[in-house]
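> The residues making up each chain are set out below.
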Amino acid sequence: MVVNILVGLGVALFGFVLQTAMGGINRKIVARVQKRIGPKWYQEFIDIFKLFSKRSVSHGWIFDFGVIMALGGIIATAMFMPVTANIIAFEGYDNFFIFVYLLAVGMLGMAMSASGSGNPLASIGVMRALTTMLAYEVPFMIVVMTIIKLTGGTSSVSEIAAFQQIAGNNWFIIALPLGGIVAIISLMGMLGKKPFETYIAPAEIASGPMVEYGGKQLGMLFVMHEITVFIEVSLFIHLFLGGAATLGVYLLKYFLVYTALNLISSVYARFKIDQVVVFFYKWPLFMAVTQAIIAIYLGWVI
Amino acid sequence: MKSTKFSPMTQEQIDKKWWEIGNYFRRNSLWMLMYCTGCCAIELPPAMTSAYDMERLGMGPMATPRQADVLLVTGYLSLKTLRRLIYTYEQMSEPKYVVGFGSCTINGGIYHDSHAVINKLDQYIPVDVYVAGCMPNTEAVMNGFTDLMGMIKNKTARGWLDYKERNDWYKKNQLDSLGEVLVHDEFHE
Chain A
1 MVVNILVGLG VALFGFVLQT AMGGINRKIV ARVQKRIGPK WYQEFIDIFK LFSKRSVSHG
61 WIFDFGVIMA LGGIIATAMF MPVTANIIAF EGYDNFFIFV YLLAVGMLGM AMSASGSGNP
121 LASIGVMRAL TTMLAYEVPF MIVVMTIIKL TGGTSSVSEI AAFQQIAGNN WFIIALPLGG
181 IVAIISLMGM LGKKPFETYI APAEIASGPM VEYGGKQLGM LFVMHEITVF IEVSLFIHLF
241 LGGAATLGVY LLKYFLVYTA LNLISSVYAR FKIDQVVVFF YKWPLFMAVT QAIIAIYLGW
301 VI
Chain B
1001 MKSTKFSPMT QEQIDKKWWE IGNYFRRNSL WMLMYCTGCC AIELPPAMTS AYDMERLGMG
1061 PMATPRQADV LLVTGYLSLK TLRRLIYTYE QMSEPKYVVG FGSCTINGGI YHDSHAVINK
1121 LDQYIPVDVY VAGCMPNTEA VMNGFTDLMG MIKNKTARGW LDYKERNDWY KKNQLDSLGE
1181 VLVHDEFHE
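Protein sequence lines, in the order shown, are assigned to chains A and B.
Counting from 1, one number per residue, gives the positions in the first sequence under the working numbering.
Counting from 1001, one number per residue, gives the positions in the second sequence under the working numbering.
Do not rely on the hints blindly, as some may be mistaken.
Said to hold, decoys possible - Below, computed lysine-lysine pairings styled on BS3-like, alpha-carbon distance capped at 30 Å:
id, chain 1, residue 1, chain 2, residue 2
1, A, 216, B, 1153
2, B, 1155, A, 216
3, B, 1171, A, 216
4, B, 1017, A, 40
Said to hold, decoys possible - Which chain B residues stay away from chain A? Per the calculated CB distances, all over 12 Å, these:
id, residue
5, 1007
6, 1086
7, 1106
8, 1123
9, 1150
It is worth saying that the hints were derived from the structure and are not from the lab.
Quick caveat, the model's predicted, so the values are computed rather than measured.
We treat Cβ as the ideally placed atom computed from N, Cα and C, and that holds for glycine.
With these hints in hand, go ahead and build the complete structure from the sequences.
Here's what the structure looks like:
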């Protein structure tokens, strides 16, 4: 049991280091797209350690406690995440619904803390974040339910990954092409990438939920954000890209997915919040339902 | 023979070491808050975009005072905006630095005889680096930022400590010019 917990904490730490390095590399790639040189690849580490070295003010104990709850909730979620087929902390507990429920703990902690600061822009940001969550989760869940039905009723993330590695089965992004597109769009919504960046919106609502954070609390939120991105991209890799047999394959898939999303994001402008909701409830939902019908009732799976 | 016995450092030496390590992170990741009051603000877009690319120094724009490290005062300050500037400066989390742009923040510039504009910024808030010129070149702006990074390395960017030590003097100057620092509008009630 102790070993499992240590492995789980190691997975969370691995996710933090991996995603922070990937974030720095991607800042450099986006800078090259814009004909700039870009920061050092370890710039995100410098940013986070700088935030921890600063002094910060508190806005009451809800404000501080919510940050700790958010970080703790996200670390607890990351502990269940399988990295490869062998590196997994709690065998048999890597259920998809565990991730869905535990991710909400971190999100609610952040929402509570941001509301505790008393800033109206923070409340607007939290409201927008929860509305975006409501929008992308419906089509995403329909696609994942389809996958769970196709794999014979198992919702274990590592078993779904193993199912795709059996000879004769394609990765689900190929087997369910419409569902794959929906999943990519939903993933961009989850990560808050450009067309769906509505709840951060620095020029409009002054970075939304983060508006009153500075110094150490902001540093903890940055760590939380990096681990959240790690969880969401890993879920996509395991559910749609066939998981990873070795660590090298995992790193390659992670880099490709995250870079592709950043490149898509770097050429888009920002939606308004009502456009986000209408968009997700129009095309991705339609595509997800169509995919579910043709995969489950007609049996057309590539 | 020289003793090889481990001599423990005093608490002051340990704090100094930690502060130097922190200085490395602070000078390589300066997040700016742009208080764009005057025309010098037009020098910031070329400094940020592909011509000069300040992100390679680790600098970037931030949305709110709480998140920022450097306050950029780009141009003249009327009495009305000075009140907001003092509010903004006091909200920033320490350590914090100030860069004054253009001759308006140094001695008033072309507004030196205006009744509504302050002349010397460093009487009201401590300024670490001035970028002179009307308006300064973008090269001068970038040079000012690298100067600030060097000052943080040499521990001479002590404006925020000065604001604490001589707070009475700054407050007196603020009150003499403004009458009262409190802002009365719908955002500050």
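> Indicate, hint by hint, whether the structure satisfies it.
Here's how the hints hold up against the structure:
1. A:216 - B:1153: Judged against 30 Å, a Cα distance of about 22 Å means the pair holds.
2. B:1155 - A:216: holds, 22 Å
3. B:1171 - A:216: Satisfied, since the Cα-Cα distance of roughly 28 Å is no more than 30 Å.
4. B:1017 - A:40: Cα-Cα ~24 Å, so holds.
5. 1007: Correct as stated: the minimum Cβ-Cβ distance to chain A is 27 Å, above 12 Å.
6. 1086: holds, 17 Å
7. 1106: holds, 29 Å
8. 1123: Given that every Cβ of chain A is farther than 12 Å from that of residue 1123 (chain B), nearest at about 25 Å, it holds.
9. 1150: With a cut-off of 12 Å, residue 1150 (chain B) remains clear of chain A, as the shortest Cβ separation is near 17 Å.
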